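**Q** Since the structure of chain A is provided, determine the placement of chains B, C and D on it from the hints.
Here are the chains, one letter per residue:
Number of protein chains: 4
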Amino acid sequence: MLKGFHYPLTPKGKSTLNPPPPWYYSSDFLNIEFWSDPAAVAALLPPGLDPDPAGSGHGNALFYDWQFTGANEEYLDPARYQYREFFLLLDALFEGKPVCYCPYIFVDNDAAIARGWTQGYPKRLGQVFQTRYYAATGKAGPALAPGSKFAGSLTASGRRLAQGLVTLKKPITDPAALKQRPVVNLLHTPRLAAGKQSKPAVHELVENAPHDIKIEQAWIGDGLLTLPVVDGEDVSDLAPVRCGKGIRASMAYVVDDLKTLKDLTK
Amino acid sequence: MLKGFHYPLTPKGKSTLNPPPPWYYSSDFLNIEFWSDPAAVAALLPPGLDPDPAGSGHGNALFYDWQFTGANEEYLDPARYQYREFFLLLDALFEGKPVCYCPYIFVDNDAAIARGWTQGYPKRLGQVFQTRYYAATGKAGPALAPGSKFAGSLTASGRRLAQGLVTLKKPITDPAALKQRPVVNLLHTPRLAAGKQSKPAVHELVENAPHDIKIEQAWIGDGLLTLPVVDGEDVSDLAPVRCGKGIRASMAYVVDDLKTLKDLTK
Amino acid sequence: MLKGFHYPLTPKGKSTLNPPPPWYYSSDFLNIEFWSDPAAVAALLPPGLDPDPAGSGHGNALFYDWQFTGANEEYLDPARYQYREFFLLLDALFEGKPVCYCPYIFVDNDAAIARGWTQGYPKRLGQVFQTRYYAATGKAGPALAPGSKFAGSLTASGRRLAQGLVTLKKPITDPAALKQRPVVNLLHTPRLAAGKQSKPAVHELVENAPHDIKIEQAWIGDGLLTLPVVDGEDVSDLAPVRCGKGIRASMAYVVDDLKTLKDLTK
Amino acid sequence: MLKGFHYPLTPKGKSTLNPPPPWYYSSDFLNIEFWSDPAAVAALLPPGLDPDPAGSGHGNALFYDWQFTGANEEYLDPARYQYREFFLLLDALFEGKPVCYCPYIFVDNDAAIARGWTQGYPKRLGQVFQTRYYAATGKAGPALAPGSKFAGSLTASGRRLAQGLVTLKKPITDPAALKQRPVVNLLHTPRLAAGKQSKPAVHELVENAPHDIKIEQAWIGDGLLTLPVVDGEDVSDLAPVRCGKGIRASMAYVVDDLKTLKDLTK
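Respectively, the protein sequence lines represent chains A, B, C and D.
With the numbering used here applied, the first sequence corresponds to residues 1 to 266, in that order.
With the numbering used here applied, the second sequence corresponds to residues 1 to 266, in that order.
With the numbering used here applied, the third sequence corresponds to residues 1 to 266, in that order.
With the numbering used here applied, the fourth sequence corresponds to residues 1 to 266, in that order.
The shape of chain A in the complex, shown without the other chains (with noise of 0.2 Å):
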């Protein structure tokens, strides 16, 4: 018997990608707000979603420094198992329902590459760095306090594809202003069978369902996100016209489920 949740299956399941869920995650990340073209969002969104009028092209940039294990204590492996990760969520409604979704997501890493893909998050690699906050401050090392600056970049391909920023003001006492609509992705898995390339093997709009989420340090201020135009890359269409707020905050939850939304193929 071949075991392994991911490539490659072998008798022991020691060189898969990952373990089997659950997979669970700690992080740090920066979060900011921005509002882009709405007729480039609606341009992005897959079949099922819709734009949401009320978001006039509404979104979040995330940076994220991540930490991952499974069962058999992974996090002790960081060179295998630790990544960073860059995304965008776009606001849109999935039958009347406000949802977010993820049209770019850039991660150094080829186990969560592998993850992401099972989840509909579109990944390819990329090298994704943020400020970090050490418990040692100083002027490398800001300090979780107002005016404190962190950065975000990313990189692909070899061009910079987005850069961040985010300016600390308070604490966040009301944990609903870390509420996030819940990702609804296309999980997308295409044939190369010919005949078949039009006819992908999955194709389908899924909800994600991570549980168990735990937001640490979450601090709030000013977000600045630009995304510049870049040959060969379609990301800079989303370039904001303007930015809101930014939060840097930890994260953990864990995940073992996806929902299927609705089957695109039939």
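Simulated from the structure, these hints should not be mistaken for lab results.
Computed from a predicted structure; not experimentally measured.
Where hints are given, some of them may not hold.
Since the list gives no way to pick out one identical chain from another, each pair is judged satisfied if it fits inside one copy or across any two copies.
Stated by the list, open to error - Lysine-lysine pairs mimicking DSBU-like chemistry, simulated, CA-CA at most 30 Å apart:
1. Lys259 with Lys179
2. Lys12 with Lys196
3. Lys266 with Lys196
4. Lys97 with Lys259
5. Lys149 with Lys170
6. Lys14 with Lys259
7. Lys3 with Lys199
8. Lys245 with Lys179
9. Lys199 with Lys170
10. Lys259 with Lys3
11. Lys97 with Lys12
**A** Structure of chains B, C and D alone, referenced to chain A:
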């Protein structure tokens, strides 16, 4: 309408990991013949493939320096599309027919991961290197001549997983020496939905069908392969009990199809 | 007038590897105490340093996640200035005074290489990782609590060179437990000119003089270090015969000076 | 006795960044001729070098895929010694003699950084790629033939700093077309000691003296170079006002000497 063969799907289709097939390739490669413990080979084969009794654990290890393009001069963006690869191919039988199966493969590029997973190649990220041939030879640049040595290495998740060496003896004059069995892979797309995690969305035996294969500058000699024991990895279960011939050559081909041999979900 | 502390020197001084000192640092680190074969330690010490008979091969292995800045908010460009580091410090005596010497050190950033070589740290490139602490703890994010585990690893030139593990027992309440010997390095700049290749331009014993050292969230427990045997590398000559305590903490300091103890060219 | 030409110095000398000279190289390269604003070129030249009035801002941009070895088959450890490089050479005069000066250079390997700094090449880390020629040509592998295109790119600190394109016209039959001015660099080793930070330990004009230069498969055609404006970088001050010829060839040489032309500390 969203465009893109692989993730992400966008209105313009520029950010997608790969252009639609046909996919064109040129390369330099090292090929090292080896024999593993036949029981280790048998244990790795997926349902539907049988050990080849004629082979006694026979396989090939390959190091490739690849260049890829679609229809739009993607080879002129080497930061995005050039890549390096290491993989193993094990002799097997499908319904009595000689084929080979790829249990492990590593590349250093995300577009290559995506194309691979669409063909059943169980790719992970790795750092792959091979000694290069340059027309300006010298102490640092081995000539295509008897006695010249070309080495290859693979590191993944920070661990050295494979090393190879080819020592040239003579040019290959008989094209039959380069004949390879068809590659039959396990095409596998897991499901994350609770209750379906042991029921993959796609789980098929597939046969790769590259065409317009062109081989140049092929030399043959002796091959040497080592697959060190590494915590958290299964590759060393195939550690060679002996090695055979080694080849160094250039190769080009086209990929635009995949044949399903057997749907294993049924 | 050309500007730049390190290469390259340019009219505006923006492209230089590093801004001029003072250099500011914040970090999280793991520190693992170990004992090597005293003869292996003695063999590594440069002229002017003596083995510490009290030490019997005693040293420390350190994994650092660093953030760096000069005077111009360089910490807001983490893709350029954030980095990770592994190094060893060996007990020694300089003119009878207890010091420690750094024989091996690896970082993943070129600005850090340049600053290191200017201080006598013999830096090479490496991929360094350590398990991180996030305020949002969980299965993937160990708490600062008894029994929590933090691992570190180093890979260079594709080879795993070091692994470490710290298991926490209790917070450090006595600052004396964090006291470290001054670091004395061999500052070395070779000459390529024919006839001068054995006469380095700079060859000095130097003492590092960081100041405004600040340590936070320090925990102590057990340490474990392995230095595997690897072709082409000498590090494993220091493979621990036993390990001692392990520390995990955050640290900040400032560097703007270096003291020459002895010019070894004379 | 400690051994090692560069850091680190160890009893066996295996861990050192580089073996002692002579250093042997083989490569493929792209060379693109360009003209910058002469004032920008003049501003970059170190003391002792004068703008070449004949040149009017003339320079060359070079993308190299290198293989390196010392005396011990280092080319068989390509993960440690193979590398890629981008650099600029600007026409200048030294005491009236035509030379060229390297203001910017980027490589993806630490051994190459160390050798470069020892020769006055102001190397930083970068990700460098060039389209490759394979003997098995095709849509992904341009032939050495009129009209074939080869592209190069450089990214450093996450930013695209240079792009080049060479379109072949014809083989080079006259070796004089490949003649290059001698490279004169600024050899620079700063001092960190307080009070000496503006008094570098080494600050010299040096002339590189490679020998046994061998060039093969040289083709000439049109060159195109772009040096985009990037925050935090000065390279774009040299953005071409026009471009000239482009060359693609293979090259080998040996390095074992460096000539000091002028000590600038005096």
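**Q** Look at each hint and say if it fits the structure.
**A** Going through the hints against the structure:
Taking identical chains as interchangeable, the C-alpha atoms of Lys259 and Lys179 lie at most 30 Å apart only when both belong to the same chain, with a minimum of 20 Å there against 47 Å between chains. For the homomeric pair Lys12 and Lys196, the shortest alpha-carbon distance between copies (21 Å) is at most 30 Å, but the shortest distance inside one copy (34 Å) is not. For the homomeric pair Lys266 and Lys196, the shortest alpha-carbon distances inside one copy (15 Å) and between copies (20 Å) are both at most 30 Å. Taking CA atoms no more than 30 Å apart as the test, Lys97 paired with Lys259 passes inside one copy only; the shortest distance there is 15 Å, against 41 Å between copies.
In the homo-oligomer, the alpha carbons of Lys149 and Lys170 lie at most 30 Å apart inside one protomer (12 Å), although the nearest pairing across protomers, at 32 Å, exceeds that limit. Taking the shortest Cα distances, Lys14 and Lys259 sit within 30 Å of each other both inside one copy (28 Å) and across copies (29 Å). Taking the closest pair of Cα atoms, Lys3 and Lys199 come within 30 Å of each other both inside a single copy (29 Å) and across two copies (13 Å). Taking identical chains as interchangeable, the C-alpha atoms of Lys245 and Lys179 lie at most 30 Å apart only when both belong to the same chain, with a minimum of 14 Å there against 43 Å between chains.
Taking the closest pair of Cα atoms, Lys199 and Lys170 never come within 30 Å of each other, the shortest separation being 50 Å inside a single copy and 46 Å across copies. With identical chains, the CA atoms of Lys259 and Lys3 are at most 30 Å apart both within one copy (24 Å) and between copies (24 Å). In this assembly of identical chains, the alpha carbons of Lys97 and Lys12 lie at most 30 Å apart only when taken from different copies (27 Å versus 44 Å within one copy).
Violated hint: 9 only; the structure is consistent with all others.
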